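Chains A and B, in that order, are what the protein sequence lines are.
Residue 421 in the UniProt record's numbering is what sits at position 421 of the first sequence, and the numbering runs on without skipping anything.
Residue 127 in the UniProt record's numbering is what sits at position 127 of the second sequence, and the numbering runs on without skipping anything.
Rather than coming from a laboratory, the hints here were simulated on the basis of the structure.
All values reported here derive from a predicted model rather than from experimental measurement.
All C-beta atoms, glycine included, are put in the ideal place defined by N, C-alpha and C.
Honestly, I wouldn't trust all of these hints.
Here are the in silico distance ranges between beta carbons for each label pair [unchecked claim]:
id	chain 1	residue 1	chain 2	residue 2	range
1	B	P142	A	G315	51 to 59 Å
2	B	A8	A	G441	33 to 41 Å
3	A	I88	B	T9	58 to 66 Å
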Amino acid sequence: MVSLLSSSVLLRRNPLILKLPPYLSFLCIVIGVAWLLVLPLDNYSRRTYISENALLPGQVHTYFAGSDQNVFRGYKREVDALEGSGNIEVNDKLEEFFKASGLKVARQSYEYKSAGETYAGENIYAILHAPRGDATEAIVLVGAWWNMEGKLNRSGVALILTLARYFKRWSLWSKDIIFLITADSKAGPQAWVDAYHDTHQSGMVDSLPLKSGALQGAVVIDYPFDHRFQDIHIVYDGINGQLPNLDLLNTVVSISGHMGIGTSLQQMWQHSDSYRDRLQTMLRGMLNQGLGHASGPHSSFIPYHVDAITLQPFGEGWQDEMAMGRVIESTFRSLNNLLEHLHQSFFFYLLMQADRFVSIGTYLPSAMLVAVNFTIMAIFLWVKSGSPNGESSNVSLTVEAGEKKTPLAIVKEGDAKALAPEATIAVRERELFLPLAVVAGSQFLGVLPLYIFNHTPEAMLHPIFTAFTSINGFFPLILSALLTHYFAPTAHHYTLIKTFSLLLLGLFLSSLATLNFSLAFLVGLLSAPLTYMQPLPNRPIVKGVLAVLLSALSPTTVLVAGCWWWELGIGRVLKEAAFGWDVWGMTTQVVVWCVWWPAWLVGMVLLFGNPREEKVKGAGNTIETVKT
Amino acid sequence: MNIDRRKATLFGAAAAVRLLLFTSFPGLPDLLTARVEISTPVTSFKRLQEGVFLYNHNVSPYDGGVYHQAPLLLPLFSLLPSSATYPAFTYLLYIILDLLSANALMCIAQSGEAVSSKLFTSPRKDKRWSNFAIAAAFLFNPFTIASCIGRPTSVFTNCAILHAISKAVNGNSFTAMFALSFAAYLSMYPILLFPPLALLCYDRRPPLKNPESIYSFVLGNAVAVGGSLYSLLHMSSLITGSWEFLSSTYGVQLLLPDLTPNVGLWWYFFIEMFDSFRNFFLGVFWIHLSSYVAGLTIRLRRQPLFVLTLLLGIFAIFKPYPSISDTSLFLAMLPLYRHVFPLMRYTFLASSTVLYATLLGPAFYYLWIYAGSGNANFFYAITLVWSLGLSLLTSDALFAVLRDELEVERPEMKGMEIRQI
Numbered sequence: 001m002v003s004l005l006s007s008s009v010l011l012r013r014n015p016l017i018l019k020l021p022p023y024l025s026f027l028c029i030v031i032g033v034a035w036l037l038v039l040p041l042d043n044y045s046r047r048t049y050i051s052e053n054a055l056l057p058g059q060v061h062t063y064f065a066g067s068d069q070n071v072f073r074g075y076k077r078e079v080d081a082l083e084g085s086g087n088i089e090v091n092d093k094l095e096e097f098f099k100a101s102g103l104k105v106a107r108q109s110y111e112y113k114s115a116g117e118t119y120a121g122e123n124i125y126a127i128l129h130a131p132r133g134d135a136t137e138a139i140v141l142v143g144a145w146w147n148m149e150g151k152l153n154r155s156g157v158a159l160i161l162t163l164a165r166y167f168k169r170w171s172l173w174s175k176d177i178i179f180l181i182t183a184d185s186k187a188g189p190q191a192w193v194d195a196y197h198d199t200h201q202s203g204m205v206d207s208l209p210l211k212s213g214a215l216q217g218a219v220v221i222d223y224p225f226d227h228r229f230q231d232i233h234i235v236y237d238g239i240n241g242q243l244p245n246l247d248l249l250n251t252v253v254s255i256s257g258h259m260g261i262g263t264s265l266q267q268m269w270q271h272s273d274s275y276r277d278r279l280q281t282m283l284r285g286m287l288n289q290g291l292g293h294a295s296g297p298h299s300s301f302i303p304y305h306v307d308a309i310t311l312q313p314f315g316e317g318w319q320d321e322m323a324m325g326r327v328i329e330s331t332f333r334s335l336n337n338l339l340e341h342l343h344q345s346f347f348f349y350l351l352m353q354a355d356r357f358v359s360i361g362t363y364l365p366s367a368m369l370v371a372v373n374f375t376i377m378a379i380f381l382w383v384k385s386g387s388p389n390g391e392s393s394n395v396s397l398t399v400e401a402g403e404k405k406t407p408l409a410i411v412k413e414g415d416a417k418a419l420a421p422e423a424t425i426a427v428r429e430r431e432l433f434l435p436l437a438v439v440a441g442s443q444f445l446g447v448l449p450l451y452i453f454n455h456t457p458e459a460m461l462h463p464i465f466t467a468f469t470s471i472n473g474f475f476p477l478i479l480s481a482l483l484t485h486y487f488a489p490t491a492h493h494y495t496l497i498k499t500f501s502l503l504l505l506g507l508f509l510s511s512l513a514t515l516n517f518s519l520a521f522l523v524g525l526l527s528a529p530l531t532y533m534q535p536l537p538n539r540p541i542v543k544g545v546l547a548v549l550l551s552a553l554s555p556t557t558v559l560v561a562g563c564w565w566w567e568l569g570i571g572r573v574l575k576e577a578a579f580g581w582d583v584w585g586m587t588t589q590v591v592v593w594c595v596w597w598p599a600w601l602v603g604m605v606l607l608f609g610n611p612r613e614e615k616v617k618g619a620g621n622t623i624e625t626v627k628t
Numbered sequence: 001m002n003i004d005r006r007k008a009t010l011f012g013a014a015a016a017v018r019l020l021l022f023t024s025f026p027g028l029p030d031l032l033t034a035r036v037e038i039s040t041p042v043t044s045f046k047r048l049q050e051g052v053f054l055y056n057h058n059v060s061p062y063d064g065g066v067y068h069q070a071p072l073l074l075p076l077f078s079l080l081p082s083s084a085t086y087p088a089f090t091y092l093l094y095i096i097l098d099l100l101s102a103n104a105l106m107c108i109a110q111s112g113e114a115v116s117s118k119l120f121t122s123p124r125k126d127k128r129w130s131n132f133a134i135a136a137a138f139l140f141n142p143f144t145i146a147s148c149i150g151r152p153t154s155v156f157t158n159c160a161i162l163h164a165i166s167k168a169v170n171g172n173s174f175t176a177m178f179a180l181s182f183a184a185y186l187s188m189y190p191i192l193l194f195p196p197l198a199l200l201c202y203d204r205r206p207p208l209k210n211p212e213s214i215y216s217f218v219l220g221n222a223v224a225v226g227g228s229l230y231s232l233l234h235m236s237s238l239i240t241g242s243w244e245f246l247s248s249t250y251g252v253q254l255l256l257p258d259l260t261p262n263v264g265l266w267w268y269f270f271i272e273m274f275d276s277f278r279n280f281f282l283g284v285f286w287i288h289l290s291s292y293v294a295g296l297t298i299r300l301r302r303q304p305l306f307v308l309t310l311l312l313g314i315f316a317i318f319k320p321y322p323s324i325s326d327t328s329l330f331l332a333m334l335p336l337y338r339h340v341f342p343l344m345r346y347t348f349l350a351s352s353t354v355l356y357a358t359l360l361g362p363a364f365y366y367l368w369i370y371a372g373s374g375n376a377n378f379f380y381a382i383t384l385v386w387s388l389g390l391s392l393l394t395s396d397a398l399f400a401v402l403r404d405e406l407e408v409e410r411p412e413m414k415g416m417e418i419r420q421i
């Protein structure tokens with residue numbers, strides 16, 4: 001009977017088990033980080049492969065050569081001549097060219113307002129109806145007139161015009177091909193793809209007068225110079241960290257490989273296939289994914305489940321624009337072969353280099369371990385908060401139970417009787433209201449910066465951010481003082497505040513890890529010290545050091561540090577973020593202000609906390625046992 | 001006076017929060033209406049609008065195969081100005097329904113039936129929350145708010161069930177039976193609440209000089225339920241002009257032809273099943289659902305209100321088309337048993353599981369439906385977790401109440417570890 005009694009409940013009071021969780025959760029963080037660091041090794045990453053057999057990349061002969069080069073030069077000259085012209089004027093000319101190639105042309109104008117600025121323009125697109133298809137599926141070839149850096153996409157647009165003319169001559173297309181030239185790289189593609197799926201805000205963005213079938217894929221050409229290039233840089237990050245199907249990327253890598261053109265990712269212009277370079281590529285990819293911003297015109301397509309990538313030729317080499325055209329031609333021939341939407345290969349992956357990746361099953365545990373560390377700690381603190389006399393219980397239990405000083409309860413079972421220390425069964429009644437209110441309150445406070453930074457005009461963003469950062473510096477101090485003054489929380493309350501805060505953080509991060517792995521990992525890592533924050537009223541030096549550490553890891557400090565490192569203006573970053581929120585539907589801000597910041601705030605409040613002595617109020621009232 | 005002011009403040013705040021959500025986020029009602037966690041094929045507000053449109057154009061609302069809700073809702077909603085042009089009236093109607101439910105809940109809490117019924121008084125009866133706290137826990141529960149904004153018709157059912165219980169604790173057995181039959185008319189499953197509700201009425205009836213026997217009392221109530229159900233159904237057939245609504249409303253609940261995903265356990269199971277086994281398993285699932293009624297009613301004869309609470313929790317898990325609105329009803333009743341909370345063993349585990357499922361559910365649904373990078377198994381896995389969390393909560397509450405009863409029967413067992421052998 002006694003042995004039966006002793007298992008689960010006594011396990012809860014086992015001093016060893018009660019000491020373990022802080023180390024366990026630290027171990028989780030360490031393993032999580034180490035896990036990520038070993039991924040670039042040969043044993044943990046895999047070579048990419050084509051899953052979808054229908055793609056057959058590079059298996060067709062490409063014919064884009066010869067006299068088409070003269071056509072390209074002609075278009076190129078026209079594009080150069082249009083350099084100083086307005087959007088409408090350019091589109092008038094482009095419409096002429098598309099019509100001359102025998103395509104149906106339509107235009108769409110849009111206007112977005114964000115951070116007090118207006119982004120307006122007109123997209124133009126032409127549809128090549130598939131000679132062998134029934135207009136139920138389409139692939140898109142996109143070129144933005146101005147690329148992400150604001151340069152004229154001169155060779156890119158000329159190449160699209162040439163390819164439109166060239167593709168029209170072939171009778172083998174079984175999917176419609178849409179040639180889209182957007183006015184800019186950020187708002188234009190979003191307006192077009194929104195309108196294509198009828199999810200645009202009417203009034204601001206026009207509906208599309210001409211449509212085709214379901215989009216199967218999109219390829220963007222970003223080719224702003226007119227000299228020969230060396231390799232192709234592939235950009236694949238979508239909004240909110242979504243990625244295109246890996247097969248699309250593999251197809252392009254394989255095709256350019258066949259043509260003797262190298263490929264690179266994440267602005268790694270040199271890649272020596274070393275551990276260091278692989279790790280750097282992966283970390284850059286994770287950062288881009290975590291930020292969740294659009295990295296090219298293709299990004300807007302990905303949320304609609306349209307796999308899309310941007311191809312950027314770079315470097316000085318001997319590949320000419322016709323080689324680029326052949327890569328596109330061959331890619332489109334592959335996409336044309338598809339029998340169903342790309343689905344075979346991975347949607348969640350981290351790339352180390354163009355032909356090496358890790359899939360979600362391999363990398364997810366690292367973010368989950370970091371998130372689990374918070375949950376372990378939360379469960380531990382919950383159990384601890386239930387023990388009758390706070391922290392000393394496990395010690396007193398082991399000592400006193402031996403001396404038989406604890407009140408014993410008698411168990412009768414027929415003739416048999418057993419004695420068990422009462423403290424093993426007693427559970428302290430937890431006072432939940434104040435902790436829940438503090439945690440919920442700080443979560444709600446997060447809506448404030450979220451609203452402010454998304455609705456401030458550009459000129460005000462920098463001053464407001466400065467003001468917010470300085471307030472953020474001493475706000476936890478005030479909050480903590482107010483809490484101590486008005487509610488006089490006990491150590492028990494602080495433990496419960498921490499429990500709920502960590503539980504929520506772990507909850508949010510593990511959910512987020514399934515949607516945007518990198519963001520969950522980065523936020524988890526930056527808030528890892530929160531696991532170990534507790535009121536330290538009697539150790540001012542340790543408290544000071546921890547406060548400095550924690551302030552260095554606050555969302556605002558990290559933002560400032562990031563801007564300094566990449567030499568970006570804070571105003572520009574915030575404007576970009578507001579634009580992302582308004583136009584792209586980017587949700588990184590929500591995670592920063594409503595997940596990370598509240599957790600950080602509670603951590604700081606805990607650190608400055610000053611728990612009231614519990615005994616003063618009378619232990620009889622606060623501590624209740626089942627035995628009452 | 002003071003009490004009334006507190007109540008007015010509470011209700012005012014709850015209404016204000018809902019109005020604020022309705023008006024300041026105009027996209028929110030439609031977004032939530034489309035969520036599978038809130039709207040099921042038999043409660044969806046969108047489908048109701050379709051039914052009202054057909055009804056207003058003199059077409060049988062059941063012709064399209066979309067509308068599966070009770071016919072009497074149609075005249076109600078066609079009397080209201082159209083929700084597309086004047087949504088404010090619909091919003092107000094749903095806010096009022098929530099407040100009425102909260103009011104009924106306060107009546108139930110006020111009676112103290114939860115801590116001390118006719119046959120059993122808990123030793124912990126002093127430790128309970130005030131009826132304001134219980135109403136506030138219902139009104140400010142995110143699940144309740146979300147289902148108010150999403151406007152499923154299960155809100156009507158919940159309101160009717162709460163009223164049935166509140167009338168029953170006040171000994172008003174015939175009104176209680178009418179409210180129950182209204183709930184059963186709307187959603188069918190509440191008819192299973194009849195046995196415990198009749199016992200609750202019997203226990204709480206005002207003392208008479210010559211008390212009738214329990215059998216004749218229950219029989220009388222059964223006749224009352226049958227009579228009011230018949231009149232409601234007859235009215236419905238007059239409104240729609242035929243009895244065909246029976247197969248489109250209750251038939252759908254019984255035979256599960258619409259397999260739209262929801263938070264329950266049925267849809268995936270019946271998608272995967274071979275057709276030849278379908279009828280057999282429909283029977284098994286329904287028998288399983290109704291088998292709890294008899295067992296719990298007999299075992300917990302002394303606390304019929306707790307049987308009702310527990311059954312609501314079980315229905316929220318095992319019903320054919322459950323939604324978070326059913327969960328919110330269970331979570332509304334649970335705080336009445338505040339006095340047994342210290343006896344529960346897995347509150348933290350169960351609430352964390354429910355919280356995790358609440359966050360992961362929409363995430364996985366998004367991955368499946370929108371991003372296309374997940375599949376149906378993702379969402380079903382999370383509905384399993386959700387059901388696990390709720391089952392933990394119900395079984396733990398049952399454990400705590402049985403433990404509470406045990407301590408009255410055998411005081412020497414107080415505080416001892418209980419082990420199932």
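Subject >> Hints breached by this structure >> reply: Result: hint 2 breaks, nothing else.
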